[in-house]
Structure formats: structure tokens, C-alpha cells
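Residue numbers for the sequence shown, in the UniProt record's numbering: 1 to 125.
It should be emphasised that the hints constitute simulated quantities derived from the structure, not laboratory data.
Think of the CB as a built atom: it goes at the ideal place given N, C-alpha and C, for glycine as much as any other residue.
The reader is advised that the hints may include incorrect statements.
Said to hold, decoys possible - Quick list of simulated restraints, FRET-style, between CB atoms:
(1) 53 with 98: 26 to 36 Å
(2) 99 with 42: 32 to 42 Å
(3) 35 with 88: 22 to 32 Å
(4) 41 with 103: 36 to 46 Å
(5) 41 with 102: 23 to 33 Å
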Amino acid sequence: MATPPHTGSYNTKPRRIRAATSASSGVTPNEVNSEPTCYCGLQSPILMAKTKKNAGRRFHGCAKFDSPNCCNFFMWVDPKIPNHVRDMIVDLLERNQTLSESSQSRGDGVELWIIEMGMKSDVSL
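Take the sequences, apply the hints, and build the full model.
Below you can see the structure in the form of C-alpha cells.
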């Protein structure tokens with residue numbers, strides 16, 4: 001089976017966030033509900049894991065994730081995916097990759113065939 005494409009490596013160790021999660025600690029509700037910031041002080045973007053173990057699982061990462069200055073901030077957004085669901089996602093990603101490669105190897109012939117079939121269905125109406 002082919003491995004889904006993977007763009008970059010992700011640190012999978014949970015990191016503690018700086019913001020408090022309780023209003024009783026003196027943090028205002030707006031601060032509790034705001035997006036977390038990475039250790040660089042920048043808003044942490046939501047990224048998606050592309051590894052087999054966590055395929056499709058979203059996480060907050062360092063805003064400079066593709067830079068050598070990355071602070072390695074990491075926090076999961078989504079809960080852990082059950083193994084059977086993860087296996088289905090990986091299987092679907094692999095099937096999608098195979099179909100994509102197959103359609104690319106066929107070239108424009110597939111697209112032309114679809115266009116011709118559309119024209120034939122329009123003519124028969």
C-alpha cells in the first residue's frame with residue numbers, strides 16, 4: 001500500500017499552553033475562548049496531521065512551523081481517533097492516491113470521455 005503524502009514532520013508530544021482555561025484564575029472569557037498562541041507569541045494556526053497514526057487529526061502548531069525558528073508548540077484540537085476509524089481513513093487516503101495516480105497516467109483521455117458522455121446525454125434528451 002502506498003503511503004499518503006506527508007509534508008513536513010510534526011512533533012507529536014503534547015505541550016502545555018500558556019493561557020489559563022479557567023475564569024476563576026483571573027482570565028477573561030474572551031481570553032479563554034481565543035485561539036492559542038505559540039511560544040513565539042504568534043497566533044497558532046490549525047494544521048492537519050498527515051501521518052498514518054493521526055491522519056486527518058487537527059492540531060495547533062507553531063506559526064513558524066516551516067521555519068528553522070519554529071518553537072515546536074503543539075496542542076491537539078481533535079480527540080484521539082479510534083484505531084478502526086484511523087484505519088478506514090488511511091485506507092481511503094491510499095485509495096484516493098491510487099485513483100489520482102491512475103487518472104493522471106491516463107491523461108486527458110478520461111476528461112475527454114466524460115465530456116463526450118455529457119454531450120451524448122444532452123443530445124439524447
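Hint by hint, here is what the structure shows:
no., hint, in the structure
1, 53 with 98: 26 to 36 Å, "violated, 21 Å"
2, 99 with 42: 32 to 42 Å, "holds, 38 Å"
3, 35 with 88: 22 to 32 Å, "holds, 30 Å"
4, 41 with 103: 36 to 46 Å, "holds, 44 Å"
5, 41 with 102: 23 to 33 Å, "violated, 46 Å"
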